[in-house]
Amino acid sequence: MTAHAEAPAIPTATTPQRTAAGRVRKRLTSRWASAASLIIALLWTVPTFGLFISSIRPEDEIKSNGWWNFFAKPQFTLDNYQEVLFGTSSSSGRLAGFFINSLVITIPSVLFPLAFCALAAYALAWTKFRGRDWVYIGIFALQIVPLQMALVPLLQFFSSTFDLEGTASFAQVWFAHTAFAIPLGTFLLHNFMAELPGDVIEAARVDGAGHARIFRQVVLPLIVPALASFGIFQFLWVWNDLLVALVFSSGSDVRPLTVRLAELAGTRGNEWQRLTSGAFVSIVIPLIVFLSLQRFFVRGLLAGSVKG
Amino acid sequence: MATVTYAQASRHYPGTERPAVDKLDLEIRDGEFLVLVGPSGCGKSTSLRMLAGLEDVDNGAIYINDKDVTNLPPKSRDIAMVFQNYALYPHMTVYENMAFALKLRKTPKSEIDVRVKKAAQMLQLEDYLNRKPKALSGGQRQRVAMGRAIVREPQVFLMDEPLSNLDAKLRVQTRSQIASLQSQLGITTVYVTHDQIEAMTMGHRVAVLLDGVLQQCDTPRALYDTPANVFVAGFIGSPAMNIKTVALTDEGAIFGQMILPLSRDQIAKARAEGGDGKVTVGFRPEECELVSATEGGMPIVVDLVEDLGSGANVYGHAAINGDSERFVVATDRRTMPNLGDTVFVKPRTDHHHAFHATTGVRI
Chain W
1 MTAHAEAPAI PTATTPQRTA AGRVRKRLTS RWASAASLII ALLWTVPTFG
51 LFISSIRPED EIKSNGWWNF FAKPQFTLDN YQEVLFGTSS SSGRLAGFFI
101 NSLVITIPSV LFPLAFCALA AYALAWTKFR GRDWVYIGIF ALQIVPLQMA
151 LVPLLQFFSS TFDLEGTASF AQVWFAHTAF AIPLGTFLLH NFMAELPGDV
201 IEAARVDGAG HARIFRQVVL PLIVPALASF GIFQFLWVWN DLLVALVFSS
251 GSDVRPLTVR LAELAGTRGN EWQRLTSGAF VSIVIPLIVF LSLQRFFVRG
301 LLAGSVKG
Chain R
1 MATVTYAQAS RHYPGTERPA VDKLDLEIRD GEFLVLVGPS GCGKSTSLRM
51 LAGLEDVDNG AIYINDKDVT NLPPKSRDIA MVFQNYALYP HMTVYENMAF
101 ALKLRKTPKS EIDVRVKKAA QMLQLEDYLN RKPKALSGGQ RQRVAMGRAI
151 VREPQVFLMD EPLSNLDAKL RVQTRSQIAS LQSQLGITTV YVTHDQIEAM
201 TMGHRVAVLL DGVLQQCDTP RALYDTPANV FVAGFIGSPA MNIKTVALTD
251 EGAIFGQMIL PLSRDQIAKA RAEGGDGKVT VGFRPEECEL VSATEGGMPI
301 VVDLVEDLGS GANVYGHAAI NGDSERFVVA TDRRTMPNLG DTVFVKPRTD
351 HHHAFHATTG VRI
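So the protein sequences, as listed, match chains W and R. For the first sequence, the numbering used here begins at 1 and goes up steadily by one. For the second sequence, the numbering used here begins at 1 and goes up steadily by one.
Derived by calculation from the structure, the hints in this document are not laboratory data. Keep in mind that the hints are not guaranteed to be accurate.
Here are a few chain R residues that face chain W, going by a calculated C-beta distance under 8 Å [stated by the list, open to error]: (1) A52; (2) L54; (3) P74; (4) K75; (5) A80; (6) M81; (7) F83; (8) N85; (9) A87; (10) Y89; (11) P90; (12) H91; (13) F100; (14) A101; (15) L104; (16) R105.
All values derive from a computational prediction rather than experimental measurement. Positions of the beta carbon are idealized from the N, C-alpha and C atoms, including for glycine.
Just chain W, same shape as in the assembly (with noise of 0.2 Å):
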């Protein structure tokens, strides 16, 4: 109650979070740690060395012999990504309309459901109204239901109600991984939200703000780590994604890389030196993705679990 009694307790009360902290950070740091990750991460960069390699090599030595044997006998070429890109037989590649096709799809198909998932995960933590919880519960139970059984209801939805029976448009890939997202990205982004202290919030309200300039104005420069991972996460499922691509592009001008690199191998079995610079081709960009979003992906993975 008085003021010296409860001094002692303040120096007490923040160091059993600091030696937690330093602990992991020891044992992360450790050098048998960094061995051990060091090759496991040469391991697992090899299969995807070998795809580099092999792009690079001629036909002849593709077919032939193995990536390796590009060690003891360098031969070094560029055709192969001179016709996967650029090629105008009806055979070769054309990957460059492909790849122009995949960033159409992407990039909507990332910020859509980022938008929806934020504003969603904001009034289920953020507002309260009747049946909040078991609105968030079904969403979240929504996560159940594989997509693969959503597809031919989604797909009879399109045809049936909005008539879109063989029109080549993207809205219905952008329609259908932007549903698949919601389920997964609400439950992300409320948690992450959900954490975010209460009096923050109840600050912004004493001060004048209502919910949207809270939403954007404090709120969302806090996700920001929670949006960038889940925009990592999704980015890279849709860039990689065949099936819903597949089954809702139709006519081969919205389609995407994927379908494109399918078709190359099950319809050119003989030209098949032509895959492994297709899919380099196709692993650019979510290189750049990831590489340059990283710092806030760990931050994002790591959110909450260490306070302060």
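Please arrange chain R on chain W, whose structure you already have, making use of the hints.
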């Protein structure tokens, strides 16, 4: 500049048996510094949050300046609040934190600048305006939270235990700063604390709450001199008042060999409403003396002596009606007894308080 009135305001959380705040009636005058104090769970923070609009009012009403604000959202009440954990916006600089509310009110940029700079000067925050809260110490964060409230120039300041996260020394220092800042600005302030020393030193008036019910609201001096009931008597003052329920005779209360005289009126009141021949009597540790055996004091055996430097607290026990009762006496260091000694304690004449044995009300 405003008055605040709680009129029978109640808050009942669903699923709980008794209301968190029960029919609170309180009038706060213009420019007054009112402190809400009580043990944890007494409803003091809830009362404050009801005034802020962060908590619903289930029954009754709250007025600011005779305007019914019971159902208004926080932003329409023109109040500013300082939170226990400061609740600074972590992604904004100190300057932006303070300017946020003004920006929302579409105050011209030049005026925002003037007001923020002025508040920063008052709180010695000028050098930190471009820092984020993370880069500030606890005391500085606390001052930013104060500054955020000051720049608003609101009708009412609300403070929810703003000092509880500071260390002891800083707390004492900030305590006086807040009090002088408040009198300088003259803005009506409602301040919540669990620390009775803070309450006594800062408040113009202090409202003591227990279990959601207002016990007494008066000046610190009146609370100390004439506590309205047993709870207030025991809560205000440190070390706490010696309060015992003892047998009652026509002369007064019987403390073993010592008799504390009560007036005829008090005795009559103590006997009414099922007093059952008992009365509750209290006397403060600092309002009694150690006397020699012949002067009619009560003998106690010393268990513990706390030497505070400026004085000493003597803890001891005495047998009263066969029960061992503990007593505290604040004494001079010169007369400090040793452990195991028997000393004689005598309250100063007319410095004891009498309460009804069952209702606990002052008589």
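Against the structure, the hints come out as follows:
1. Residue-level restraint check for R:A52 holds (minimum Cβ-Cβ distance to chain W is 6 Å; threshold 8 Å).
2. With its C-beta approaching chain W no nearer than about 5 Å, R:L54 sits inside the 8 Å limit, and its interface hint holds.
3. At about 5 Å, the closest approach between the beta carbon of R:P74 and any beta carbon in chain W falls short of 8 Å, and the interface hint on this residue holds.
4. At about 4 Å, the closest approach between the beta carbon of R:K75 and any beta carbon in chain W falls short of 8 Å, and the interface hint on this residue holds.
5. For R:A80, the interface hint holds, the least distance from its beta-carbon to any beta-carbon of chain W being 7 Å, beneath 8 Å.
6. Look at R:M81: its Cβ gets to within about 5 Å of chain W, closer than 8 Å, so that hint holds up.
7. Proximity of R:F83 to chain W holds as hinted, the smallest CB-CB distance being about 5 Å (cut-off 8 Å).
8. At about 6 Å, the closest approach between the beta carbon of R:N85 and any beta carbon in chain W falls short of 8 Å, and the interface hint on this residue holds.
9. Because the closest C-beta pair between R:A87 and chain W is about 4 Å apart, less than 8 Å, the hint holds.
10. Satisfaction of the interface hint for R:Y89 is found here, the shortest Cβ-Cβ separation to chain W being roughly 6 Å, below the 8 Å cut-off.
11. Below 8 Å, beta-carbon pairs count as interface contacts, and R:P90 has one with chain W at about 7 Å; its hint therefore holds.
12. Against a cut-off of 8 Å between C-beta atoms, the interface hint on R:H91 holds, since the closest Cβ of chain W lies about 4 Å away.
13. For the restraint placing R:F100 at the interface with chain W, the shortest Cβ-Cβ distance is roughly 6 Å, inside the 8 Å limit, so the hint holds.
14. About 4 Å separates the beta-carbon of R:A101 from the nearest beta-carbon of chain W, less than 8 Å, and the hint is met.
15. This hint holds: R:L104 has a C-beta 4 Å from the nearest C-beta of chain W, less than the 8 Å allowed.
16. Satisfaction of the interface hint for R:R105 is found here, the shortest Cβ-Cβ separation to chain W being roughly 6 Å, below the 8 Å cut-off.
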